[in-house]
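Take these sequences, add in the hints, and give me the full structure.
Protein chains: 2
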Amino acid sequence: MELIRVATVESPLTDRAAAPKQGDEGAPDADLVFDETMSPGLEGLSPGDEVLVLTWLDRAFRDVLRVRPRDDFNRPHQGVFSTRSPDRPNPIGLHRVTILAIDGPRVEVRNLEALDGTPILDLKPLLRTIDER
Amino acid sequence: MELIRVATVESPLTDRAAAPKQGDEGAPDADLVFDETMSPGLEGLSPGDEVLVLTWLDRAFRDVLRVRPRDDFNRPHQGVFSTRSPDRPNPIGLHRVTILAIDGPRVEVRNLEALDGTPILDLKPLLRTIDER
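So the protein sequences, as listed, match chains A and B. Per the numbering used here, the first sequence starts with residue 56, numbered consecutively. Per the numbering used here, the second sequence starts with residue 56, numbered consecutively.
Everything hinted at is true.
So these bits of chain B aren't anywhere near chain A, every CB distance computed over 12 Å:
| hint | residue |
| --- | --- |
| 1 | Asp70 |
| 2 | Ala73 |
| 3 | Ala74 |
| 4 | Asp84 |
| 5 | Glu163 |
Here are the computed lysine-lysine pairs in the DSS-like style, where the Cα-Cα straight-line distance is at most 30 Å:
| hint | chain 1 | residue 1 | chain 2 | residue 2 |
| --- | --- | --- | --- | --- |
| 6 | A | Lys76 | A | Lys179 |
| 7 | B | Lys179 | B | Lys76 |
| 8 | B | Lys76 | A | Lys179 |
| 9 | A | Lys76 | B | Lys179 |
| 10 | A | Lys179 | B | Lys179 |
Calculated from the structure, these hints are not laboratory results. Since the structure is predicted, the reported quantities are computational estimates derived from the model, not experimental observations. We put the CB at the ideal spot given by N, CA and C, even for glycine.
Structure, rendered in structure tokens:
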């Protein structure tokens, strides 16, 4: 089960400790820069679309099964699968963003808390209601 | 970027062509059977919790960038990143389910459209509102 990088995050965020924990907690706009070979996969996306970005959190720790949520030392440890901690066996980040602009292989999105240089694995539209699918 | 299997789907679904396309389109209940070493990661989860299951869709095609959504030959091709097709460069499935029961490393969930034997990569809680995090 080997992943490939389909795109890379370009963002002003470079420091994990200073980054917001979620996109709606003050994250900046960022660019998803796709590999040219992936461009056909972007057909059908438009500004205004809400999408899920899947990233590989390459600065996370994978040998962690219990954490204190939100790095808060007043909270008890919990299993990582009951938290959104980036530290977990498969550090896949899941980010809900809105597309602001698309310029060739460059997709600008609102409120992404992933760090600059983070590999992007996938982009998926939000599911619509059953009769709109 | 290499993934590890943290759990495996046990489900009555075995045939891709016969499986529902999404969990809310008639998918059965299924079990997520965790590797014993992963059990500490489950602490803090309870029946009734809504979670996201990330799977590795091991029967998908990875060399596909354009598809007809929902295998409907009347619809034009679209880029895979604007669809939820299982066929895509990194075939990671994203499934929203409700936990029905937890028995040691076995987590029973409602409405999962993943096939029997599918590797599970991660489990994440749904994000709550900002002041509940």
